[in-house]
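Participant: Under our numbering, the first residue of the sequence shown carries the number 1230, and numbering increases by one thereafter.
It is worth saying that the hints were derived from the structure and are not from the lab. Here a beta-carbon is modelled for each residue, glycine too, at the ideal position from N, C-alpha and C. Each hint should be verified, as a subset may be incorrect.
[Claimed, not checked] Derived lysine to aspartate or glutamate pairs resembling DMTMM-like cross-links, with alpha carbons at most 25 Å apart:
(1) 1243 with 1272
(2) 1243 with 1264
(3) 1294 with 1272
(4) 1358 with 1272
(5) 1267 with 1255
(6) 1294 with 1383
(7) 1294 with 1266
(8) 1306 with 1383
(9) 1257 with 1291
(10) 1294 with 1264
(11) 1369 with 1389
(12) 1261 with 1280
(13) 1336 with 1265
(14) 1336 with 1302
[Claimed, not checked] Using C-beta positions, here's what the derived DEER-type ranges look like:
(15) 1420 with 1303: 19 to 25 Å
(16) 1256 with 1411: 38 to 44 Å
(17) 1376 with 1256: 33 to 39 Å
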Amino acid sequence: MKTKVKNEVRYFVKPETMAIFPHPQEKKLMSKVIEEEKELIIDQRPLELIDYSCKYYSASYEGRKIGTRELIDITHKPPIIVDPVQVIYFFPTQSANNPQCVWISHKHVYKYVSNESDQTIVTFTNNKKITIPVSLPSFKNQLYRTGHLKTVMDSRIEEEQRRMNMVFMPPSSPQSMSMIYEQMMRNWRNQN
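All chains should be modelled from the sequences, with the hints used to inform the complete structure.
Facilitator: Shown next as structure tokens:
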């Protein structure tokens, strides 16, 4: 797998993005992005990259944090729905403001084990292995919280599908998911 330095001003998380690591370089914190087929060095801090990605998909990181709190009542190290339509959920391994924080894509985690240094070795769905400086119990907790968030969000989307009586579009199409998500956001805004 090749690592490239990508000199783009911005990078947004995509379905193939598996992890975002902090990457210190010459007194500056950048990001090492691990995708399914390549690794990139991006001139953005990991939290900036997550925030930009949330904004790219029509929300902000702060808005997504509030959404997580409303859905599953988690405020410390909250998992984030980057994009519900493409099912992109990421979780932080530490406080998001900690320069050591790594962001992991929930759907790409295949296996995880502890090593002798009390760190977690993650195997992704493409069999790539990485070591994360976080204990296995902490990693599992974050993974399970993200799964819980996804389950609650999926349940709400299904409920909205039933409510809207979606007969003409299959529920799994990106168009129907986008329409349902937009309707959910309108309903939520009207309630608040």
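Participant: Each hint needs a verdict: does it hold in this structure or not?
Facilitator: How the hints compare with the structure:
no.: 1; hint: 1243 with 1272; result: holds, 17 Å
no.: 2; hint: 1243 with 1264; result: holds, 9 Å
no.: 3; hint: 1294 with 1272; result: holds, 24 Å
no.: 4; hint: 1358 with 1272; result: holds, 24 Å
no.: 5; hint: 1267 with 1255; result: holds, 23 Å
no.: 6; hint: 1294 with 1383; result: holds, 17 Å
no.: 7; hint: 1294 with 1266; result: violated, 29 Å
no.: 8; hint: 1306 with 1383; result: holds, 21 Å
no.: 9; hint: 1257 with 1291; result: holds, 24 Å
no.: 10; hint: 1294 with 1264; result: holds, 24 Å
no.: 11; hint: 1369 with 1389; result: violated, 30 Å
no.: 12; hint: 1261 with 1280; result: holds, 16 Å
no.: 13; hint: 1336 with 1265; result: holds, 12 Å
no.: 14; hint: 1336 with 1302; result: holds, 22 Å
no.: 15; hint: 1420 with 1303: 19 to 25 Å; result: holds, 21 Å
no.: 16; hint: 1256 with 1411: 38 to 44 Å; result: holds, 43 Å
no.: 17; hint: 1376 with 1256: 33 to 39 Å; result: holds, 38 Å
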